[in-house]
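Student: In the order they appear, the protein sequences are chains P and U.
With the working numbering applied, the first sequence covers 1 to 246.
With the working numbering applied, the second sequence covers 247 to 461.
Some hints here could point you the wrong way.
Said to hold, decoys possible - For lysine-lysine, the following DSS-like pairs were computed, each having C-alpha atoms within a straight-line distance of at most 25 Å:
1. P:187 / P:69
2. P:187 / U:384
3. P:119 / U:384
Claimed, not checked - To list a few chain U residues with every Cβ distance to chain P over 12 Å, as calculated:
4. 371
5. 434
6. 451
7. 452
8. 459
Calculated from the structure, these hints are not laboratory results.
Each residue gets a CB set at the ideal place from its N, CA and C atoms; glycine is no exception.
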Amino acid sequence: MIIQREVCVGCGRCQPFCPAGAISFAGLKSEVDQDRCLECGTCLRVGVCPVGAIEEHPHVFDYPRAVRKFFSDPCAYHPSTGIAGRGTEESKTNDVTGRVGPSSVGLAIEVGRPTVGMKLSEVQKITRALARAGIKEIEANNPIHSMYADPETGDLKPELLGERVLSAIIELELPRDRLAYILSVVKEVAREVDSVFCLDCYLRLEPGLVIPAEVAGTITAAGFTWRPNAKINLGLGRVFEPEERP
Amino acid sequence: MTHSLHREGSLDSLGRDACLFVYPARGFNYHGSGPRIRRIVEIIYQGGPVNLIVSTLRENMYAPITREQVLGSISDGAKAYCVFDDLAKLKETLVRLKKADLGISLVVSGLIDRVREMAAEIGLDPHTINLSLGIQGKTEILPPADLRQFTTMCGHGMVSPNLVRQALRQVKTGRLEPWPASVRLCGPCACGIYNPKRSMELLEELAPVYAVTRL
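Required output: the full structure, derived from the provided sequences and hints.
Tutor: Okay, structure coming up:
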């Protein structure tokens, strides 16, 4: 995002709206710190500027800066998945897609959330740790998948590492018996990450909204607990277009 | 992902806060889903959510748009996101949606125990759960927990801690009432699940104890 200096009246109204804290006064006018700006578009979308001084950066869709927008603006659609938000569907449509089956479990590592953001080099710390643990492949219908330079090492494309985004989700599916080991890997790499990440675990339920004891036991044994609130797919979806199923 | 499983706050407060999501799936029930999703959103409107957005318009319930504009914008593949401040209203909505049997994935985000009770009463058998195993990493750089009660209500982290601080200052100093301050906090949330009723309660609760260091 940029603020046209010749138009800005220096009222400062836009400043508190920036989730990255990237807007501040430079003299009597507001200015966007281009390194901190995540291109989320919030300052423009809320229409807070009384004189229309805020506009998109002219190079917002140029690679590699474009990843800032795709990973930070919930209204932008990821070119690789065609999905807005963080470009993932994880458990949301599992009742029709069956992505996570009854003997597996999904993990989502939401790097940068909540609200902190990070450089994509922080994501690489985690993808490398996962690769060392034998996770060479993450969910294909996830924008991070297209950012891998080498799945064997977990290296991301080097030109992306300096880009700052609000959050990105590493998504993987595991056999349930691998969950304990991967949780220990995640716990270890958490000490190296110069940001925060939310950890999600999604799985098929037993009848009556019962979390399978095998998974619940693994999570607690690994030293994690789950929050009392969760996202629950009600199982009301159906498949209408079988000819298009992958 | 709308991050709703990571909403923070007391159990009492979270008990008045439940999101409902409508998701068609590419390659499974995407093509031709427009009329079904439009009907689902009509049913949701009847239930009385406190906020709602469809992905084809991205304007929340407090923006100057009509329901007809929202419904008219819905096309194949549209997603809908909304939040209820009353679980009884959500339950009534789910009863209607189950009866309508429109075949699009519905996801509820809320307290697990409450959703379990509700599902049993309605006769639903939930399929998949996404559990939050908490925040990891350098947690010392997070905004304070009292502010995170607000900021985590926006699924994509668009409500900045500084905006919440400003709202608290405005309420504390009498420059803004809690409700308009909450509606203002809804503005940046592009996923429509920021709960302005809960936000208003939190502002009323926190403003008296919030120290104003600048106006």
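Student: A separate judgement is required for each hint: does it hold in the structure or not?
Tutor: These are the hints, each one checked on the structure:
| no. | hint | in the structure |
| --- | --- | --- |
| 1 | P:187 / P:69 | violated (29 Å) |
| 2 | P:187 / U:384 | holds (12 Å) |
| 3 | P:119 / U:384 | holds (14 Å) |
| 4 | 371 | violated (6 Å) |
| 5 | 434 | violated (5 Å) |
| 6 | 451 | holds (19 Å) |
| 7 | 452 | holds (17 Å) |
| 8 | 459 | holds (15 Å) |
Checked against the numbered hints listed earlier, the structure breaks hints 1, 4 and 5; every other hint is satisfied.
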